[in-house]
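Per my numbering: the sequence shown = residues 871 to 1065.
Don't read these hints as lab results, they were simulated from the structure.
All C-beta atoms, glycine included, are put in the ideal place defined by N, C-alpha and C.
A hint or two may mislead.
With beta-carbon atoms standing in for the labels, derived distance ranges [stated by the list, open to error]: (1) Thr968 - Glu894: 41 to 47 Å; (2) Ser918 - Thr1062: 37 to 43 Å; (3) Gly1045 - Asp942: 24 to 30 Å; (4) Ala1029 - Gly951: 30 to 36 Å; (5) Gly1045 - Pro901: 25 to 31 Å.
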Amino acid sequence: MSMQRSGADTGVSPTSAALSVTQERLLRLAPQGRAGIVAGLAASFDRSAAAAGITTRLRLCHFLAQAAHESDRFRTLEEYGGPAYFARYDGRRDLGNTQAGDGARYHGRGLFQLTGRANYRRYGALIGLDLEGSPERAKEPAISLAIAFAYWRDRGCNAAADADDVVAVTKLINGGRNGLAQRRQLLALAKTIWV
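All chains should be modelled from the sequences, with the hints used to inform the complete structure.
This is how it looks when you write it as structure tokens:
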């Protein structure tokens, strides 16, 4: 990322070194993170973040705090559960799940737990992959990151991050306040790592 240093979070971007996302920094945020996930995220992050508008310290810290929470601190890129649990998504027209088995087929995957046939179709189109036809690909670290960046941009998360409003960012990512205390903790920690 091409960025310039600012002493405050005024929207002026810090240097690329200050915002660089490395394996070491991700593991400071989430020490129990799985090596393959952390390495995959670090390998793609810096060159792709600017396209999602993640060009300031606040945006980066909010994005990573949300991603760490949603992925169980980078331990999984797939929602926990099994067929019986995922059946709760069957018949959910709001998710585009109109066929038998869609709940299990299109359960949460990726950094932000992409869920539902319609979302796999939409975000697959945004990143240029047929995720509806190959939903398992959404849990590959680089693809998961591309989906998360597209989701972040599509949902307009930068404005809430610029306001340093963790509640608003959480609602945009998760639809509610689920895990808000942990998201706040992760955000506070991220702000000590990316300075």
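These are the hints, each one checked on the structure:
1. For the pair Thr968 and Glu894, the beta carbons lie near 45 Å from each other, so the given range of 41 to 47 Å is met.
2. Remark: the range hint 37 to 43 Å for Ser918 to Thr1062 is contradicted by a beta-carbon distance near 24 Å.
3. A C-beta distance of roughly 18 Å is found between Gly1045 and Asp942, which places it outside the suggested range of 24 to 30 Å.
4. The given range of 30 to 36 Å is respected by Ala1029 and Gly951, whose C-beta atoms sit roughly 33 Å from each other.
5. The beta-carbon spacing between Gly1045 and Pro901, approximately 28 Å, falls within the hinted interval of 25 to 31 Å.
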